[in-house]
Amino acid sequence: MKFVDEFRNTELAKVLVNRIRRNSKRHIRLMEFCGGHTVTIMKHGIRQLLPETVEMLSGPGCPVCVTANHDLDEAIALAREPGVIITSFGDMLKVPGSHSSLQRARADGADVRVVYSTLDALQIAKENPEKSVVFIGIGFETTAPTVAASVMQAKKEGIANYYVLSLHKLCPPVIRALLELGEVRLDGLICPGHVSAIIGSRPWEFAARDYGIACVVSGFEPLDILQSVAMLVDQLEKGEPRVEIAYRRGVRPEGNLRAQELMGTVFEPSPANWRGIGVVAESGLRLRKEYHEFDAELCFDFDPGPTLEPKGCLCGDILRGVKTPLDCRLFRSTCTPEHPVGPCMVSSEGSCASYYHYGTI
Amino acid sequence: MCLAIPALVKSIDGSEAEAEIGGISRRISILLTPEVEVGDYVLLHTGYAINVIDEEEAKETLKLFEEMALLDEPEG
Chain Y
-13 MKFVDEFRNT
-3 ELAKVLVNRI
7 RRNSKRHIRL
17 MEFCGGHTVT
27 IMKHGIRQLL
37 PETVEMLSGP
47 GCPVCVTANH
57 DLDEAIALAR
67 EPGVIITSFG
77 DMLKVPGSHS
87 SLQRARADGA
97 DVRVVYSTLD
107 ALQIAKENPE
117 KSVVFIGIGF
127 ETTAPTVAAS
137 VMQAKKEGIA
147 NYYVLSLHKL
157 CPPVIRALLE
167 LGEVRLDGLI
177 CPGHVSAIIG
187 SRPWEFAARD
197 YGIACVVSGF
207 EPLDILQSVA
217 MLVDQLEKGE
227 PRVEIAYRRG
237 VRPEGNLRAQ
247 ELMGTVFEPS
257 PANWRGIGVV
267 AESGLRLRKE
277 YHEFDAELCF
287 DFDPGPTLEP
297 KGCLCGDILR
307 GVKTPLDCRL
317 FRSTCTPEHP
327 VGPCMVSSEG
337 SCASYYHYGT
347 I
Chain Z
652 MCLAIPALVK
662 SIDGSEAEAE
672 IGGISRRISI
682 LLTPEVEVGD
692 YVLLHTGYAI
702 NVIDEEEAKE
712 TLKLFEEMAL
722 LDEPEG
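As given, the protein sequences belong to chains Y and Z, one line each in that order.
Be aware that the first sequence starts at -13, since it is given in our numbering, and climbs by one per residue.
Be aware that the second sequence starts at 652, since it is given in our numbering, and climbs by one per residue.
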């Protein structure tokens, strides 16, 4: 078993769709939080398979998309500092900030390098001891432990020229903030699978307990999504919202304790600015005092300049599930993957990019 | 950024391992999964194994779908 193809079996997909169609009576609204889930749903045309009683909304689970312009401007300002090498995941390069992007800064002469892993960033730091290597730390709880591991490795090996600009964010607090906002009536949540591989299923319990939201932790293959929708429909038809794990091969209720420990050793919660939502308390991560020598925010004297928001861009509303890319006047006209206006069109997990590449339904 | 793919652990060397994805070998970190053993599949995310995949649970899930398929048959 290779754990991929088996979960794309079309015959079994039909079985799950039949089950959903048979059981679904009331109209329900489900949100898939994670951008990775949005991609699977769009790519495999899952919305078209579901009955009209099941409505799907996309949420703000795309770490690139929810990075605020101010934070992007900080990364770009750092890129312009003398002696700095910026290392970043590829998605970040084309995202437009207030005036520029990392890609444009690179075209203007800044040293900006795409890396697949913090392991690559550490290697660049070792090979360039006279430079300062700053890693742009984007990602939720899936990625934060890997960045924490890199900081601990830097400390252990004495790699003094490695820094992290922590733009990491946490998922449960923003879900709570969205539920509090109450802009969209939600009945169920498809919980992010790999975030939950790290944090477990328990952090989602507040949604079922305090807001009556049905929650299922889902994997990323089409059968995983369909199984999760079937489980959510079951919970809601019975009026028994709770947290269940569909993605049992990847997620344990307690999560990955070692990863949580590493994350907690290096990082502590801090306020974070989510594009389209604003500042949410305790929803970001910053480096703890013991690791301040690796904190790019503290170790460099840089000025990101005044923040400007792109005119007409609906990324904020789309991220909150209030609008879809089809509601945006810029979608497919002014805003395309080649000339993105907002981050939702740039990121491989952004709603707008998914709608653009995989169809408009 | 949630993207993590199954990779097969072929050999272990301290806090790193050789893993195979789609026939290609790469060096990965197992700092987050120190309990991993050769022959395990892991979820690989940005060069780190973030969890060991539970093969038994995977089989159980597929078995569950197949049972649903059998229940479906009389209805066509």
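Hint data in this document are derived by calculation from the structure and do not stem from the laboratory.
Please read all numbers here as calculations on a predicted model, not as lab measurements.
Note that beta-carbon positions come from the ideal geometry of N, C-alpha and C, so glycine has one too.
Treat the hints with care, as some may be off.
[Said to hold, decoys possible] Cβ pair distances, simulated, as ranges: (1) Z/706 <-> Y/318: 52 to 58 Å; (2) Z/686 <-> Y/276: 46 to 52 Å; (3) Y/41 <-> Z/708: 25 to 31 Å; (4) Z/667 <-> Y/278: 25 to 31 Å; (5) Z/714 <-> Y/94: 54 to 60 Å; (6) Z/711 <-> Y/294: 26 to 32 Å; (7) Y/99 <-> Z/669: 39 to 45 Å; (8) Z/706 <-> Y/267: 39 to 45 Å; (9) Y/85 <-> Z/711: 48 to 54 Å; (10) Z/690 <-> Y/256: 49 to 55 Å; (11) Y/84 <-> Z/718: 53 to 59 Å; (12) Y/41 <-> Z/710: 48 to 54 Å; (13) Y/99 <-> Z/721: 36 to 42 Å.
Whether the CB-CB distance between residue 714 of chain Z and residue 94 of chain Y falls inside 54 to 60 Å: About 57 Å separates the Cβ atoms of residue 714 of chain Z and residue 94 of chain Y, which means 54 to 60 Å holds.
Status of the given 25 to 31 Å range, CB of residue 278 of chain Y versus CB of residue 667 of chain Z: With Cβ atoms ~28 Å apart, the hint holds.
Does 46 to 52 Å hold as the CB distance between residue 686 of chain Z and residue 276 of chain Y, or does it fail? violated (26 Å)
Can the suggested window of 48 to 54 Å be confirmed for the beta-carbon pair residue 85 of chain Y and residue 711 of chain Z? holds (53 Å)
Check the following: the C-beta atoms of residue 690 of chain Z and residue 256 of chain Y are separated by a distance inside 49 to 55 Å. For residue 256 of chain Y against residue 690 of chain Z, whose Cβ atoms are near 40 Å apart, the range 49 to 55 Å is violated.
Starting from the hint 39 to 45 Å, judge whether the C-beta atoms of residue 99 of chain Y and residue 669 of chain Z obey it. violated (25 Å)
With 39 to 45 Å as the target window, see if residue 706 of chain Z and residue 267 of chain Y comply at their CB atoms. Check passed, 40 Å falls within 39 to 45 Å.
Has the hinted range 25 to 31 Å been met by the Cβ atoms of residue 41 of chain Y and residue 708 of chain Z? holds (30 Å)
Is the distance from the Cβ of residue 84 of chain Y to the Cβ of residue 718 of chain Z consistent with 53 to 59 Å? With Cβ atoms ~55 Å apart, the hint holds.
Measuring from beta carbon to beta carbon, are residue 41 of chain Y and residue 710 of chain Z in 48 to 54 Å? violated (33 Å)
Quick check on a hinted range of 26 to 32 Å for residue 711 of chain Z and residue 294 of chain Y, using CB atoms only. violated (52 Å)
Assessment of proposed distance window 52 to 58 Å (beta carbons of residue 706 of chain Z, residue 318 of chain Y): Since residue 706 of chain Z and residue 318 of chain Y have Cβ atoms about 43 Å apart, the given range 52 to 58 Å is violated.
Hint compliance for this structure: hints 1, 2, 6, 7, 10, 12 and 13 are not met, and every other hint is.
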